[in-house]
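Asker: The primary structure of each chain is shown beneath.
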Amino acid sequence: MKEQWRLLHTENNSAYRNMAIDWAVLKANSEGKIPPTVRFYTWKPSAISIGYFQSLNEEIDIDICKKYGVDYVRRITGGGAVYHENELTYSIVIPESHPQIPKNIMESYGRICGAIIKGLKHLSIESSYVPINDIIVDGKKISGNAQTRKSKTVLQHGTVLTDVNVNKMFSCLRVPDEKIKDKLIADVKQRVTSIKHILGEEVTFAKVAQAMKVGFEEEFNIELEEGSLTKQELEDTMRFEKEYFSTKEWNHKK
Amino acid sequence: MKSKSVYKIPNGKLLKIFLDYDEKNNLINDISITGDFFAYPEEVIDLIENDLIGTKLEKSILLKKINLIIKENDIKFIGLNAKGLTQGIFMCLK
Numbered sequence: 000m001k002e003q004w005r006l007l008h009t010e011n012n013s014a015y016r017n018m019a020i021d022w023a024v025l026k027a028n029s030e031g032k033i034p035p036t037v038r039f040y041t042w043k044p045s046a047i048s049i050g051y052f053q054s055l056n057e058e059i060d061i062d063i064c065k066k067y068g069v070d071y072v073r074r075i076t077g078g079g080a081v082y083h084e085n086e087l088t089y090s091i092v093i094p095e096s097h098p099q100i101p102k103n104i105m106e107s108y109g110r111i112c113g114a115i116i117k118g119l120k121h122l123s124i125e126s127s128y129v130p131i132n133d134i135i136v137d138g139k140k141i142s143g144n145a146q147t148r149k150s151k152t153v154l155q156h157g158t159v160l161t162d163v164n165v166n167k168m169f170s171c172l173r174v175p176d177e178k179i180k181d182k183l184i185a186d187v188k189q190r191v192t193s194i195k196h197i198l199g200e201e202v203t204f205a206k207v208a209q210a211m212k213v214g215f216e217e218e219f220n221i222e223l224e225e226g227s228l229t230k231q232e233l234e235d236t237m238r239f240e241k242e243y244f245s246t247k248e249w250n251h252k253k
Numbered sequence: 000m001k002s003k004s005v006y007k008i009p010n011g012k013l014l015k016i017f018l019d020y021d022e023k024n025n026l027i028n029d030i031s032i033t034g035d036f037f038a039y040p041e042e043v044i045d046l047i048e049n050d051l052i053g054t055k056l057e058k059s060i061l062l063k064k065i066n067l068i069i070k071e072n073d074i075k076f077i078g079l080n081a082k083g084l085t086q087g088i089f090m091c092l093k
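So the protein sequences, as listed, match chains A and B.
Using numbering that gives the first Met the number 0, read the first sequence as starting at 0 and increasing by one per residue.
Using numbering that gives the first Met the number 0, read the second sequence as starting at 0 and increasing by one per residue.
Mixed in with the good hints, there may be bad ones.
What the hints assert, rightly or not - Simulated pairs of lysine to aspartate or glutamate, EDC-like, Cα-Cα distance not exceeding 20 Å:
#, chain 1, residue 1, chain 2, residue 2
1, A, K149, B, E71
2, B, K7, A, E57
3, A, K206, A, E217
4, A, K102, B, D45
5, A, K149, B, D73
6, A, K151, B, E42
Please keep in mind that the hints were generated in silico from the structure rather than gathered at the bench.
Just chain B, same shape as in the assembly (with noise of 0.2 Å):
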């Protein structure tokens, strides 16, 4: 199922998610991660949403994933954490 959600990080930025899941084992076919936030370096949103790609749609799991891809590529956000992103996936769900 291909979803979108809108969501303003607190404090931050506007972040647009665009999701394509499957309803069935509820995992992450799909991601594309938008919105006017600052990453650097810039290649690590890609590298994110290859990284999330048949990840289960779970909030814990997918925090952990997220605080983990951060960390091992010293990864940093403006506008945009780790708990915001996690929020705007779930936004999708239906």
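Chain A extracted, bound-state conformation (with noise of 0.2 Å):
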């Protein structure tokens, strides 16, 4: 018999919930209260999460984005300011002991993004990771993801993105002047893709989260079985929420 992970759909949480819940799954399963746990997520409103070392005011235009009703929150997880929109948001939360996770951090990045690109082939998009942290198709980003280790334990997310609007991306998104701003639009218009774009339809939330899950069944040999956040993970969202998230405090730490 396979073995059993849990699987959560959270859908149109703000950006404070969304990572106050990574957060929480990661807890729980460190204390071995809940089996691993894969997460497919969405935002809303739209949001920009920033690396935990970045700058928020180097990353983000905090009056354009309050202009626009976009969320902003510092992450757990290094890397990146990433722009959240149309997008399927996953995470992954596992023992750092268990067997199918590498001890080696990047061989582990690459054996998560495996999933990934497993479920991206379900779609019949054929995708390759590349270090350290992306998913590209046809040398075009689709995928970024960053992890962290704490308590023994391994919290991956990422992003699949299903369209992207990068001019918006960059009104939001802090770059120097508008000369670069320009430049940047142009180059990261070459530079990233999208399921949408890929396909040339529209593809639903519901079967990119469905290609997904085969995606990582298939890559870890286990099944997937729906469950929902049990209430010791629903009061600690609620605190992390409350203490970390949505302070001034940690979002402007750096």
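Now that you have both chains on their own, put them together as the hints suggest.
Answerer: Below is the structure:
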């Protein structure tokens, strides 16, 4: 019998809530209270997450974000700023000691990205992993990923772009001056792609999520069983949201 | 004096350093190490920033100190390294 992991669907949450859920699940898994967990989620309103080590004011134009109603939040993972709008975001939480997870961090990125690559294949998209943390299709990025390890537990979250609005993205992200911005937008349009762009049609979130579910099941030879957050996870989510992700102290840490 | 550098680590990530230093004595008053790199565990960046306060701004001294902190704390960087960090700090100097 295949090992069973938990699958969570938590759509349309705020940036604070989304980051708090990932941390709460990590905590619960590190305490042995829940099985390895894969979560698929979306952001409402649209949001920018910045890497743990990034400076908020360096990366984001806060006034523009407020004008457009775009949330912003610091992640607990490193990496770069990400504009979350038309995408499926995934997270996986699993013990560092799990036999399916390579001890080597770079190797584990590749392994987990393998699930996304298999998922994309089920949407008829051929992709490949490019270290450090990207998945590309025809040389263009379709997925960015970030991993942390805390309390002997791995959390990796990442994006799968279903569509992309580069102009809006760059209104909110801080770029030195307008000339560079124009060049960057042109450059990013060349370097970023999406499921819609590749297939030439919109694909529903449900279809992408189903493909990714199968991708994880195949990559790790497991079964994903639909579940929900435990009472403890919900309480921790509320606490992390209140004490960290919604606070100026956390988001303006750097 | 307050200064900032932006340095793309070769084959790595974009490092942005904010440095406050004592020009007269060539010492670090304060430093903030930012960027889209990865460090495991994440808390070590705070540790490095604190340990570098009061350090002389000489490449060999900085590199040695950063390497020592990495070794003592079993730090793993992705997209960043001691040499790149030292270079980023030096690029702040006017």
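Asker: Compare the distance between the alpha carbons of K149 of chain A and D73 of chain B with 20 Å, and conclude whether the hinted pair is satisfied.
Answerer: holds, 14 Å
Asker: Run the distance test for K7 of chain B versus E57 of chain A: straight-line Cα separation, threshold 20 Å.
Answerer: With a Cα-Cα distance of about 15 Å, the restraint between K7 of chain B and E57 of chain A holds, given a limit of 20 Å.
Asker: Between the alpha carbons of K206 of chain A and E217 of chain A, is the straight-line distance 20 Å or under?
Answerer: holds, 17 Å
Asker: For K102 of chain A and D45 of chain B, compute the direct alpha-carbon distance and say whether it is at most 20 Å.
Answerer: violated, 25 Å
Asker: Does the alpha-carbon distance linking K151 of chain A and E42 of chain B stay inside the 20 Å limit?
Answerer: Judged against 20 Å, a Cα distance of about 15 Å means the pair holds.
Asker: Between K149 of chain A and E71 of chain B, is the straight-line Cα distance small enough, at 20 Å or below?
Answerer: holds, 19 Å
Hint compliance for this structure: hint 4 is the single one not met.
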